[in-house]
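Protein chains: 2
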Amino acid sequence: MIETPYLLFLGDAPDQLAAKVAQGIKDWRPDNAVGQFRMAGCGADLGLQDMTLAEAKAAGAKTLVIGVANRGGVISAEWRKILVQAIEAGFDIASGLHNLLRDEGELTAAAQTHGQTLHDVRVPTVAYPIATGIKRRGKRVLAVGTDCSVGKMYTALALDEAMKERGMNSTFRATGQTGILITGGGVPLDAVIADFMAGAVEYLTPDNDDDHWDIIEGQGSLFHVSYSGVTMALIHGGQPDALILCHEPTRAHMRGLPGYALPTLQQVRDMSLTVAQVANPDCQVVGVSVNTQHMTEVEATEYLVKLEAELGLPAVDPFRQGAGRLAEALADL
Amino acid sequence: MIETPYLLFLGDAPDQLAAKVAQGIKDWRPDNAVGQFRMAGCGADLGLQDMTLAEAKAAGAKTLVIGVANRGGVISAEWRKILVQAIEAGFDIASGLHNLLRDEGELTAAAQTHGQTLHDVRVPTVAYPIATGIKRRGKRVLAVGTDCSVGKMYTALALDEAMKERGMNSTFRATGQTGILITGGGVPLDAVIADFMAGAVEYLTPDNDDDHWDIIEGQGSLFHVSYSGVTMALIHGGQPDALILCHEPTRAHMRGLPGYALPTLQQVRDMSLTVAQVANPDCQVVGVSVNTQHMTEVEATEYLVKLEAELGLPAVDPFRQGAGRLAEALADL
Chain A
1 MIETPYLLFL
11 GDAPDQLAAK
21 VAQGIKDWRP
31 DNAVGQFRMA
41 GCGADLGLQD
51 MTLAEAKAAG
61 AKTLVIGVAN
71 RGGVISAEWR
81 KILVQAIEAG
91 FDIASGLHNL
101 LRDEGELTAA
111 AQTHGQTLHD
121 VRVPTVAYPI
131 ATGIKRRGKR
141 VLAVGTDCSV
151 GKMYTALALD
161 EAMKERGMNS
171 TFRATGQTGI
181 LITGGGVPLD
191 AVIADFMAGA
201 VEYLTPDNDD
211 DHWDIIEGQG
221 SLFHVSYSGV
231 TMALIHGGQP
241 DALILCHEPT
251 RAHMRGLPGY
261 ALPTLQQVRD
271 MSLTVAQVAN
281 PDCQVVGVSV
291 NTQHMTEVEA
301 TEYLVKLEAE
311 LGLPAVDPFR
321 QGAGRLAEAL
331 ADL
Chain B
1 MIETPYLLFL
11 GDAPDQLAAK
21 VAQGIKDWRP
31 DNAVGQFRMA
41 GCGADLGLQD
51 MTLAEAKAAG
61 AKTLVIGVAN
71 RGGVISAEWR
81 KILVQAIEAG
91 FDIASGLHNL
101 LRDEGELTAA
111 AQTHGQTLHD
121 VRVPTVAYPI
131 ATGIKRRGKR
141 VLAVGTDCSV
151 GKMYTALALD
161 EAMKERGMNS
171 TFRATGQTGI
181 LITGGGVPLD
191 AVIADFMAGA
201 VEYLTPDNDD
211 DHWDIIEGQG
221 SLFHVSYSGV
231 TMALIHGGQP
241 DALILCHEPT
251 RAHMRGLPGY
261 ALPTLQQVRD
271 MSLTVAQVAN
281 PDCQVVGVSV
291 NTQHMTEVEA
301 TEYLVKLEAE
311 LGLPAVDPFR
321 QGAGRLAEAL
331 ADL
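Those sequence lines, one after another, are chains A and B. Note that this note's numbering numbers the first sequence so that position 101 is 101, with each residue one more than the last. Note that this note's numbering numbers the second sequence so that position 111 is 111, with each residue one more than the last.
No lab work stands behind these hints, which were simulated from the structure alone. You may find that some hints are simply not true.
Given that identical chains are not distinguished, each listed pair holds provided it fits within a single copy or across any two copies.
Think about it this way: if two alpha-carbon atoms lie no more than 20 Å apart in a straight line, the pair counts; the simulated SDA-like pairs of lysine to any residue are [stated by the list, open to error]:
1) Lys62 <-> Glu3
2) Lys135 <-> Glu302
3) Lys20 <-> Leu333
4) Lys57 <-> Asp103
5) Lys81 <-> Leu48
6) Lys164 <-> Ala127
7) Lys135 <-> Gly259
8) Lys135 <-> Ala252
9) Lys135 <-> Gly256
All figures in this text were calculated on a predicted structure; none of them were measured in a lab.
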């Protein structure tokens with residue numbers, strides 16, 4: 001686990017979009033962010049208080065999180081200087097960059113000298129077991145998508161929020177680097193060795209109280225030929241009681257695969273349920289989450305109404321409407 | 001690629017079963033084995049000529065292959081001494097043991113001094129790409145199973161043999177360590193990082209002649225919750241034109257999963273085909289390969305006849321009958 005709260009490092013982010021990891025932390029776990037650190041020329045602003053390292057330390061920040069995805073994922077000389085200063089000031093550092101912190105000699109040396117920890121969330125730090133398939137206590141819900149990047153993480157975080165608002169007992173379980181940085185822990189599933197993928201998901205979602213829901217962040221799609229194996233391991237390792245279908249209706253083809261059309265929601269429902277019932281015969285599909293950002297309000301509403309009628313399931317855009325109806329569908333299970 | 005031919009190292013194998021990797025090489029690629037090397041007390045015998053290192057070298061052997069799986073997968077002091085002598089005598093060493101050759105300082109030092117190569121086939125040595133899903137030339141057939149260890153590798157090797165006998169243009173493509181040691185190359189798929197599994201299978205089975213068949217070694221099962229993600233990546237990365245269903249009819253439950261019943265062949269056929277047609281809409285299921293080693297000849301024959309009628313597909317035990325009918329089914333496609 002990464003120690004919270006954080007100081008969010010925006011560096012010299014060229015624009016707001018480049019700071020989307022920091023934005024996710026601020027949106028979903030505002031208590032985890034005491035302030036932001038911006039270098040000269042930074043084009044991003046989260047609306048948090050700008051702090052020096054000393055001010056953030058005084059405000060209680062434990063970890064400096066690199067909240068910006070720069071081109072090439074490289075740690076520049078300017079960044080490195082500030083990161084060393086942060087370590088000297090008593091911060092741990094957390095990063096999801098391709099350029100690992102541990103591969104930077106100055107950072108590892110400073111961390112060793114000052115007793116601080118470097119978290120490269122892109123790389124597993126646990127020797128995950130082989131999955132056993134043994135039935136676990138507690139309940140689990142998983143978001144499965146027609147494609148990659150259709151809003152599965154957003155759906156899971158919105159669902160967690162809606163369930164907590166209703167007094168339900170839930171935990172968001174991150175399976176990707178942004179989710180791990182937002183919540184401080186999780187499994188970087190796409191970087192796990194093939195044989196241990198399903199075991200890593202079992203490790204992430206252990207036995208729990210009977211009324212507790214693990215909300216497992218989905219990855220990839222059973223219909224995305226590059227990453228379908230990861231999705232498969234999520235379903236079998238996650239042993240879900242409930243599935244939520246996620247979709248983005250305006251895509252011309254699968255992400256990164258120009259020759260591949262998107263599957264229908266019916267196809268995703270049928271294949272996901274068949275797969276999931278191998279691990280949990282009682283699994284049900286309980287709702288649909290649609291990312292309607294490229295549709296007008298009218299188009300979105302019409303689309304969702306039509307989908308509800310076709311599938312006989314609640315269909316919502318959690319960004320426009322919240323995930324309350326999905327939370328209620330789970331409560332009704 | 002591992003340089004052939006081999007000297008097969010049986011070490012102090014307690015019995016014949018412990019030497020199954022060496023047995024596989026002798027059975028399927030006899031030209032790859034110039035002789036066997038046995039230590040005092042070795043309980044295995046492949047019926048090959050016993051050779052000293054010098055004799056094997058003189059007979060043309062290039063690589064000493066550790067053909068024995070010992071308890072714990074550890075390299076003992078006695079083994080290490082012989083392996084160092086082999087390196088000094090000009091052999092490369094190949095191993096699928098958990099205890100990696102590269103983790104043994106004496107072996108890496110000797111290999112460096114004498115310019116020899118250590119092959120740990122359990123560990124990938126290639127940075128595999130992300131799968132692109134782009135349609136490839138040539139044809140591919142994949143064995144998919146109801147469970148792990150039902151005879152998928154045996155089926156693929158027998159099919160390769162039967163196709164070559166018929167003058168067909170085929171290549172066995174290994175995806176596990178035994179297959180890699182038998183043929184000298186392949187992808188250790190269970191050790192590949194999740195994101196690159198399907199890409200590793202694409203790398204293994206590139207564009208080829210229009211009449212050429214890659215026979216891809218299967219792994220796991222879509223219905224085995226521990227390893228299904230690996231199977232999924234094999235199907236989507238392999239982009240198969242044909243599937244062969246593999247089954248062992250006497251199992252009480254899935255291998256290593258006491259609570260899990262085996263799926264029916266109909267279930268495996270339907271799910272595998274649905275998955276495969278995402279990557280190749282023309283994919284067909286062409287036959288069934290049954291491991292009947294725990295049935296009498298009469299039971300086996302009755303079972304296979306019944307299966308053929310039920311599924312409308314040729315059903316054979318390649319060990320008892322050869323894989324000729326499966327090869328013919330592929331030729332008819």
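Evaluation of the provided hints:
1. Taking the shortest alpha-carbon separations for lysine 62 and glutamate 3, only the intra-copy value of 6 Å comes in at or below 20 Å, while the best inter-copy value is 54 Å.
2. When the C-alpha separation of lysine 135 and glutamate 302 is checked against a cutoff of 20 Å, the pair qualifies neither within a copy, at 40 Å, nor between copies, at 37 Å.
3. Taking CA atoms no more than 20 Å apart as the test, lysine 20 paired with leucine 333 passes in neither setting, with 34 Å inside one copy and 50 Å between copies.
4. Proximity of lysine 57 and aspartate 103 under a CA criterion of 20 Å is satisfied in neither setting, with 26 Å inside one chain copy and 43 Å between copies.
5. Taking CA atoms no more than 20 Å apart as the test, lysine 81 paired with leucine 48 passes in neither setting, with 23 Å inside one copy and 64 Å between copies.
6. Within a single copy, lysine 164 and alanine 127 get their C-alpha atoms no closer than 32 Å, and across copies no closer than 43 Å, so neither meets the 20 Å cut-off.
7. Taking the shortest alpha-carbon separations for lysine 135 and glycine 259, only the inter-copy value of 9 Å comes in at or below 20 Å, while the best intra-copy value is 39 Å.
8. Taking the shortest alpha-carbon separations for lysine 135 and alanine 252, only the inter-copy value of 19 Å comes in at or below 20 Å, while the best intra-copy value is 40 Å.
9. In this assembly of identical chains, lysine 135 and glycine 256 lie within 20 Å of each other by CA distance solely across copies; the values are 14 Å between and 36 Å within a copy.
The structure fails hints 2, 3, 4, 5 and 6 (numbered hints given earlier, in ascending order).
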